Each structure stands twice: as C-alpha cells, then as structure tokens.
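Visitor: Single-letter residue listing:
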Amino acid sequence: MELFVIKNLLFSYNGIENILNVKDLEIKKNRVSVFSGPNGSGKTTLLKILAGFLEPSSKAIRSFVNKDKIAYLPQDPYLLKTSVKKNIEYGLKIKKEKNISVKVEKAIDMAGLNSKKYLNRKWYELSGGERKRVALAARFALEPEVLILDEPSEGIDYESRVLLSESVKEACRSSKMSVIISSHDREWADDTGDDFFSVIKGKVFQGGFLNITDKDFLKNDYNKSSERINHEKVLFALKPEKIQIKKEKNTSETDSEYILPVKVVSSKLICEGRILYSLAYKQKRFFAESIKNDFLPGDNVFILFRKTDLIPL
Amino acid sequence: MDFLLTGFIKAFKILASGDPEVFSAIYASVTVSTCSIILSAAAGFPAGFALGFFNFPGKRVLRFISDTCLSLPTVFVGLVVYAFITRNGPLGGFGFLFTLKGIGIGQFILSFPIIVSLCASAVENADENLAITLKSLGAEKFKFFCSFLWELRHSLLTAFLTAYGRILTEVGVSMMVGGNIKWKTRTITTAIALETNKGYFATGIALGIVLLCIALFVNFSLLFLRKR
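One line per chain: the protein sequences are U and X, in this order.
Heads up, the first sequence is in the numbering used here, so the first residue is 33 and it goes up one at a time.
Heads up, the second sequence is in the numbering used here, so the first residue is 645 and it goes up one at a time.
Same shape as in the complex, but just chain U:
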C-alpha cells in the first residue's frame, strides 16, 4: 500500500533552482522508510514537503494520508517552556482526547523514558538526547498515521540511539504507524529501517550509490572524457533488486554486465522471504536484495549487475 507517490517533484528555494528533483519515488505504508545522504543533499527539504510545511513548485505528490494525521519532528526539536508532562499533553488537549494521563504515560514509555523520573521535569532540566525523546513522546502520544523524523539519532548517545531505534520499530509494528526518517548515521539507519533511499544533490533513489572509478569502464561505456573522470566524482545509483550477490568471482559474465568486489555490512529479512543486504564498496554504502541467506556481515563477496541498470548522477 502506497503512502506517498512522487513523480517529477521540483523544489526551488530562495532563488536556488531545483534543490530537490525527484523523478519517481514511492513510499509505502506501515514501513520504516529511511532517507540517507550527506549534509545539504535535500533530506530535510523532502521531509518538510512530505509533512506539508513546504509547498513544492509542482503538484507532484499524491498523498494517501490525511495531513492532520502526520506528525513531524524537526532535527532540533523545540520543547515548550514548561514541564515534560505538559509538553506531551499539549497536542492531546488540542485534539480534545480522553484519558490524557494514560496516553501520556504510554507515550513516554514508548520514547524510552521513565515516567516517574521525567514527567515533572522542566524543559531546561533535560539533556539534548532527553529533549529529543520528550519531543518524540509528544508525537507518539498523538498516535499519528505517519511519523516523520528528521535526523532523530543525531546528538544522542549510543544507548539512547538503540532505544530510539527500538521505539520507532515498535511504533511501526504495534501502532501500524508509517515512519519516515532522514539520517546520515548509516549504521543506525540500517538497523532501524525497512526501506532505504539515498538522497544526493537533490536526487532520490531507492537503494544506494556506487562510486565507480574504473576509468576504462567509464570511458568506454559512458563516453566520459578523461578530464571529467579525473576531476569529478562519477556516481551511479543502482536499485537493490537489480543486483546479484555472488560468493566467488565468476568469469562467465557478459560484456553488458559488471562485477565489483564488496563487503557485507549487515542483512535483514524483508517481506516475502527476501533478504536486504547492506554492502560497502569504496566507503559507499548501498543495498542489494537476494532470496539467499548465505552471506554474513564481514564476508567479502562480489556483486553482479547490468551496466544498463546503472543510473548516472
């Protein structure tokens, strides 16, 4: 089931043309969708557009959720200048919810905070990580259909990151919540997400990016000039389902195929018995899908893909 379908999304801001240029993107319901990418790549802009805080230049988004059912947590969340309890109650009171105290307790538990210890604390008595979790609890309390989190793991310690990851996964599982996250913390993102997207220079692709530096390949197959190959990074996007993983290098591949040595970073079971592998090639992380579960983290393997499946960026 789709949550957002984006086709030909263009977004310009303050005279800067096409901060975002998304050709085709589908975000599914009841999944944790993670957008990774370097700083300034357009992740926050995309999330703000999905949350309805920014209007894109073109009407390119089909949303399958009511705007009132979307909760957004910014990168540096703002806490109201009052107690933790009142921060969490605020949204519930606006929506005239019943059993507010029960919902507050549940939300603060979901965010991994001890209600007895934290409920009566003031906003200035909290650390950065605690503030983030209180802000998250305020969103959990609203029981939104879609929870959008901008860099939730940034600036918090390892234990809090693990707790946060568990909370998000649990919210998605038990409350049928769809969660959309932006993060440049790949390890945390790999552990938390179900679907992975990469954002670079405003372009969004499912899976990851390959930084191919094979000069012959670039020259012959992509007609890149020698100067461009030497001075520019040549990045390609590659969809996870277009990649085959092999334990050994097989010499039978045709000219139209390409083989690269990579390292398995992690793996997780996704729907219909398929495994999503997080792989590393020259410090770039990307994903590949397989039905085999033969590969373990740390294994050196080979990936095989068709040259025509590479999307040059």
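Treat the hints as calculated values from the structure; they're not laboratory data.
Be aware that one or more of the hints could be misleading.
Unchecked claim - Pairwise CB distance ranges (calculated):
hint	chain 1	residue 1	chain 2	residue 2	range
1	U	N50	X	F786	34 to 44 Å
2	X	N863	U	S206	47 to 57 Å
3	X	D771	U	K208	29 to 39 Å
4	X	E784	U	E191	20 to 30 Å
5	X	G739	U	Q107	58 to 68 Å
6	X	E784	U	G187	23 to 33 Å
7	U	K208	X	F864	33 to 43 Å
8	U	G305	X	W794	19 to 29 Å
9	U	N71	X	L856	50 to 60 Å
10	X	E784	U	Q107	47 to 57 Å
11	X	A686	U	G187	25 to 35 Å
12	U	Q107	X	G702	26 to 36 Å
13	U	S89	X	W794	33 to 43 Å
The structure presented is a predicted model; accordingly, all values stated were derived computationally and were not measured.
For each residue, glycine too, the CB sits at the ideal point set by N, CA and C.
Model the placement of chain X on the given structure of chain U, informed by the hints.
Guide: What follows is chain X alone, placed relative to chain U:
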C-alpha cells in the same frame, strides 16, 4: 546635601500624611497609564505578531514606520493629539481636550509602536522550529497565536514594561493634552514639574519616590511570568 536629605524626609512625611493632592495625581497617573497600556497591549501584540510572522507587501515600510515611532518626542505627540481634539480639530466634538481620556489617546500613540516593534522583533528571532512544533502538535489559528506568544513571554514582558515605563514617566502629552488641572488631569510627572518650579522640592521628591515604587510594584507583580 542637607537640602536633599530634608527633601526626602519631608517627602516621606507628605506620603505618610496621605496628602489628597498628591494622591489625586497618583490616581490620575496610574489610571490613565494602565488603561492605555492595556489597550496598547491588546492591539499591539497581534499587530506585532502579524508584522513579525507573515510576509506581505509593505511589511518593510510598516516596520520602518513602527521603528521610527519608537523615538517619537512626547511633546510632539501631545501637540498632534491637541491639534486633533481641540475644539476646532477633527475630533473636537468628543470633548477630550483637558481630560484623562485625551491623555490616554496620546499615551496609546506613544506605547503602541513600542509594543509592535519589540513584539515583531521577538517573533522574528523566535526559534524556527517553534512554529513547526506547534503546527505539528495540532495548534491552529487562535491557539497557535496564543501558544506562540506565550513561548515568547519573556521578550514580550520586556516590551510591555518598556512601553509602560515610557507612558508612566512622560510629561509632554500629559502637560499639553491634559493641561495639568488640579484634581482632574494632574499626573505624577506634571505635578513633579509644577511643584519643583514652585519651590516645593519635597513634594516633587515624594512624587518621584511614588513613581519608582509603582515601577517596582509592576515589575514584581509580573515576576511570575519571568519564572522559568
């Protein structure tokens, strides 16, 4: 130094004796300034919020005018209000000249731009995630406006006190529009000017002490808003 010391001692005696003339001036000052500041705050905070929060054509011009009005000379405001409410002026029919209402109009003109400009600055400098947070938690329209301003209460309190201080201590408007009429429109500041000119230094000091006490009282009574 004796001159000052004697002045202060006499001032306390005047206050302790409950001199009706002094208390009439105190009553006039407090009444008219408080009414003016309440009206200014009621109109100024929404106007300041709109000026700071929204983008619209002419916003910069309005901001420029409002900022310029921060330094309006009180005597000039008195003169303009006098021109409007004098018998031959456009608002002469209302009979506001030499009344507390007339002084109130002048004081409103003095305090309104202070509240608008300082409120707009506070809104512009607010945390950029405040609006996003309130909207994300479901606040809309009036609730959003109230919550936004409540989060800025420390800055807005400063705006309120600055404006109140300005109109409580002004002389120009009270003198020109009020006429410094005993038992009617004589305020603390016009009384200080008059009594000192007459040579009644102690009465001037007594009224000065009262002004300071009012400032302290207002600050103290709003202290709960400053609490974190």
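Visitor: Just to be sure I understand the hint, the distance between the Cβ atoms of G739 (chain X) and Q107 (chain U) should be within 58 to 68 Å; is that true here?
Guide: holds (60 Å)
Visitor: Quick check: does the Cβ-Cβ distance between G305 (chain U) and W794 (chain X) fall within 19 to 29 Å?
Guide: violated (53 Å)
Visitor: Has the hinted range 25 to 35 Å been met by the Cβ atoms of A686 (chain X) and G187 (chain U)?
Guide: violated (41 Å)
Visitor: So the hint says 26 to 36 Å: do the beta-carbon atoms of Q107 (chain U) and G702 (chain X) match that?
Guide: holds (34 Å)
Visitor: For the range 29 to 39 Å, tell me whether the beta carbons of D771 (chain X) and K208 (chain U) fit it or not.
Guide: holds (32 Å)
Visitor: At the C-beta level, are E784 (chain X) and Q107 (chain U) separated by a distance inside 47 to 57 Å?
Guide: violated (23 Å)
Visitor: Between N71 (chain U) and L856 (chain X), does the C-beta distance stay in 50 to 60 Å?
Guide: holds (54 Å)
Visitor: Tell me if the beta carbons of K208 (chain U) and F864 (chain X) are separated by a distance inside 33 to 43 Å.
Guide: Roughly 53 Å apart at Cβ, these two residues miss the hinted range, so it is violated.
Visitor: Given the range 33 to 43 Å, decide if the beta-carbon distance of S89 (chain U) to W794 (chain X) lies inside it.
Guide: This hint holds: roughly 35 Å between Cβ atoms.
Visitor: Within 23 to 33 Å: is that where the Cβ-Cβ distance between E784 (chain X) and G187 (chain U) falls?
Guide: holds (30 Å)
Visitor: For N863 (chain X) and S206 (chain U), compare the CB-CB distance with the range 47 to 57 Å and indicate the outcome.
Guide: holds (52 Å)
Visitor: Does the Cβ-Cβ separation between N50 (chain U) and F786 (chain X) fall within 34 to 44 Å?
Guide: holds (38 Å)
Checked against the numbered hints given earlier, this structure breaks hints 4, 7, 8, 10, 11; the rest are met.
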